[in-house]
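Now for the letters of each chain:
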Amino acid sequence: MKTLLTAVSALALSTSLAYSATEIRYMMWGDPPEIAVWQQLVADFEKANPDISVKVEVTDWDSYWEKLRVQTIGGDAPDVFAMDAPIYPDWQSRGTLLNLQPYLDANPDTLKGVYEGPLKAYRLADGFYGLPRDFQTIAMFYNKDMFDAAGLAYPDASWTLDDLKSAAAKLTIDKDGDGTTDQWGISTEVWDMEPFWGPVVTAFGGKIISDDFKTTLMDKGKALDAWNFITGMVRDDHSIMSDEELDSYGYDGFIANVAAMTFSGHWVIPAYNEATFNWGVAPFPKGPARRATLVNSAGIVIGANTAHPDEAWKFVSYVLSEEGQSTLSALGFAIPVRESVATSPVYLQQKSRGDHKLFVDALDYAIPKPSFRGYEEWSAAVGDPLSLVWTGEMSLEEALDEIAATADDTLPN
Amino acid sequence: MSNAHLLKPTFANHMRSNALFYVLLIGGAILMIGPFVWMVSTSLKVPGDQFDRRLIPARITLSNFPTAWELMGFSNLIWNSFKIAALSTIGQVLTCSMGAFVFAIVKFPGREFLFVLLLATLMVPHQMTIIPEFLIFRWLGLYGTAAPLYLPSFLGGAFGVFLLRQYFRTIPIELSEAARLDGASLFDIYWRIYLPLAVPALAALAIFSFMSSWNDLFSALIYLPSDLEKTTLPVGLSLFQKLYQGKWTIMMAAVLISVTPIMIAFFFVQKQFIQGLALTGIK
Amino acid sequence: MSEAGIRAKGRERIWIGILLFPTLLGLAVGALGSIAATFGLSFFDWDMFTPPQLVGLQNYVDLLSDRKFKKALFNSIAFSAMYVPATVILSLLVAVLLNRHVYGKSLFRLLFFLPVVTSPTAVGLVWSWIYSKDQGLLNSILGAMGMDPVYWLGSKMALYSVVVVNVWGAIGEGMIIFLAGLQAIPRDVYEASMLDGAGPVKQFFYITIPLLIPSIFFQTILSTINAFQAFDYIYILTKTAGGGSTVPTLVFNLYREGFNFFRMGNASAQAVVLAAMIMVLTLIYSHLQKKWGQ
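Protein chains in written order, with our numbering: chain X, 1 to 413; chain H, 1001 to 1283; chain Y, 2001 to 2294.
One or more of the hints may lead you astray.
[Said to hold, decoys possible] List of simulated lysine-lysine pairs, DSS-like, C-alpha gap at most 27 angstroms:
#, chain 1, residue 1, chain 2, residue 2
1, X, 220, Y, 2156
2, X, 120, X, 351
3, Y, 2070, X, 214
4, X, 144, X, 314
5, X, 220, Y, 2291
6, Y, 2009, X, 220
[Said to hold, decoys possible] Simulated restraints, written as ranges between beta carbons of each label pair:
#, chain 1, residue 1, chain 2, residue 2, range
7, H, 1178, Y, 2201, 46 to 54 angstroms
8, Y, 2194, X, 398, 39 to 47 angstroms
9, H, 1212, X, 215, 43 to 51 angstroms
10, H, 1243, X, 348, 30 to 38 angstroms
11, Y, 2147, X, 250, 27 to 35 angstroms
Everything labelled a hint here was simulated from the structure, so no lab data went into it.
Think of the CB as a built atom: it goes at the ideal place given N, C-alpha and C, for glycine as much as any other residue.
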């Protein structure tokens, strides 16, 4: 309970080695365990740069964006702050981010050895206004105990979405025969595309949005096959937990030990490591067209109005350095963006359970989570009707009609 | 007061002839306070019993209160809300009474016009003023601080001025005239005569301002970052709702904690408050 | 307006200025200035970061084809169409009941008034549970009676559910205003009509209602303003994951446009439309009052 309190309230920790040092402020979202690691990273950084001190502020995800918005509009943005790839173009277009290209030109080696997938999300026409800090791909987590109890073989790389559907149906069980389900095949969310529907739509050969980001495509063409597939699981098999059911289990039926499978990124591993049951990881199942997953990348940016751009840049480049990335990967949440670290024992042989390499290998078949101006509004225009399908209030057809009518209006021409 | 003297009813007679009215009233009252009763009942249940539909909890516990208190950092939220509400109240009582005093008893050219203009602003929706207000506070460098939540209260307001003016006008003007003969200034009359005599109305306005500030969600959403250190009780509660979905016993305890101060305050001043509100309805 | 009052002499006039200063500043900046500014901003495109751009009537033209705005407009009108009559009629009813000789009058008054005092955010949480689809109070009652659960806060029912909560929260205030109006009706009017053999129902329609016309109009105008500005319960009860709402009203939409998506010009245009609607309704009401009130 105490940890929840700390998660909600902003935690400020400052390490002031030299009192004459230039102080820069770094703000990020995160959970309490991440603070300790960042503290370590900052301490190392300050040791190497005694003239700079870094003040780290950590807030939970929702408050983070509110706080950043308030501070930015109020003209008091942090010197360095965390960014999420999909909404990076929106923040950039408002002139709130510093163009890092001059620094990159002066230090051409900075990006050498950084994965192209995460990097792509931050590359704009006139350079980088931010850099990836870590990345995430989505994989399938399964509860071995539940598979054993049902007498099913564990999922592996050969699995298709049809295998997923039939296993999920078999794993949806009314254990005590009272007419209500006690165990579901899958726990996932439908609002955000990242964990489930984005990969499924892509696996069916559909597209989420056009390449010029002017037309919504997730409601058209092959994507419709994906939606029929998903609806079949929701409506006919009831093998995916509904919104209300998720609500009763803290929005994660997998860790609550009532769902056999879930789709998530590496960030859940520290929490799942505490699970009382046995679990494993498998790649996202293949669809009729291909195997797919989404890759998303948390980034680090410098405020356009910072008084200390040089010091801020030093910190940013330290975060991306081999040393910084090694410290961060010890955290166990994210995957390092630097290949040399992601393939090193520091990442691959971390203490937590799970196949850590699988998440890096997923880059081969991953598509980037779309990132464009208007993302925030567009994702609500798409996600809100879809949630209603989940709650059983709207048919899928109605939801897709609604999306077709509204989603494109949110995209800037 | 009533037409009782026409019928001279006994209690039983009264009850018999008015049964329908009592049924309606009691039914209505139950609907009105039902949610509160349910809130209290749930806040006393152990988490496992939250869905048991019992009005009287099977097992009573007080542990939800310290839990909610700790999870929410209530002391911060209450202190922030209290600070803002107290300053708003002071601002309203002070500046509205100043304005109302002038409008009530001091004659000057253009008084009626200004007063009507002021009353007309009652009809202006708050939404018309939010955006410019926001821009002004940003320009003043106060965005992200609590100042935008209480500073506007120091600029009078049609409602408070109207309410106090109605009351001030019931104070005999002769008192002021006598004081004037003794050489009292306008300020003396306001400070020494009108304020002390208008305590009931001032109390009504005070509780009104305190209440609306204490309950204000919209402004806090706009001006303050939603972290529990800086924000107010209403925003804290809505964050709490997001974070502890489904934990109803703790949530109801949190709600009860947050409404108790205002309920206690209201209980003590309800008479003035209701009279004060009634004043606004009288032409 | 009574003519009683005192005049300030000579240098004393400065006190008028000092005492009135806060009110006048509020009037000039807070009210009149803001209205002018909102009106002005509605002709610009502005995201608060980059310089504003004059776009003329474009924001208003855009509203015509803005589905979100039209939906919000519809919701606000539908909300008001239910909320205003319900609030006025119910609070009048309660006031009439309490204006009789009843035992425990002040206790009843307190109970009916309680929802007005408590914060909508807090009580909204209680309602969110009452309405909750799974195990919520209403649905478990329905379940006990063998009926299917209803998704009270989903997109189909939310409008009605939210109206109920808002009316519930407003009855107390209306009740007080009507009680004040009722107490201003001279007793002997009723006594005379009783001697003529008029029953309570007849009295209500032939005496109470006509004499309460000013209060009824006052309360109708107040409720209309409140209806179009309703935000708190809607925010607490119908917010969705993406920051939207299952019943977005004009105020909700405006808040989101301006403060989430940084489209200040568009939000200002919506505020102007909202204000214009309230003004027009107020004018209609006062016209009707003049026509019928005499």
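Okay, the hints, checked on the actual structure:
1. Our distance criterion of 27 angstroms between C-alpha atoms is met by residue 220 of chain X and residue 2156 of chain Y, whose separation comes to about 26 angstroms.
2. A threshold of 27 angstroms between alpha carbons decides the hint, and for residue 120 of chain X with residue 351 of chain X the separation of about 30 angstroms lies outside it, so the pair is violated.
3. The suggested pairing of residue 2070 of chain Y with residue 214 of chain X holds, with an alpha-carbon distance near 23 angstroms, which does not exceed 27 angstroms.
4. Taking the CA atoms of residue 144 of chain X and residue 314 of chain X, the gap is near 45 angstroms; set against the 27 angstroms cutoff, the hint is violated.
5. Between residue 220 of chain X and residue 2291 of chain Y, the direct Cα distance comes to roughly 58 angstroms. Violation of the 27 angstroms bound is thereby established for this hinted pair.
6. The hinted pair formed by residue 2009 of chain Y and residue 220 of chain X fails the criterion: a straight-line CA distance of about 80 angstroms is larger than 27 angstroms.
7. Distance hint check: the CB atoms of residue 1178 of chain H and residue 2201 of chain Y are about 52 angstroms apart, consistent with the given range 46 to 54 angstroms.
8. Against the hinted window of 39 to 47 angstroms, the Cβ-Cβ separation of residue 2194 of chain Y and residue 398 of chain X comes to about 59 angstroms, which falls outside the hint.
9. A C-beta distance of roughly 47 angstroms is found between residue 1212 of chain H and residue 215 of chain X, which places it inside the suggested range of 43 to 51 angstroms.
10. Taking 30 to 38 angstroms as the suggested C-beta distance range, the pair residue 1243 of chain H and residue 348 of chain X conforms, at roughly 34 angstroms.
11. A hinted range of 27 to 35 angstroms holds for the C-beta pair residue 2147 of chain Y and residue 250 of chain X, which are about 29 angstroms apart.
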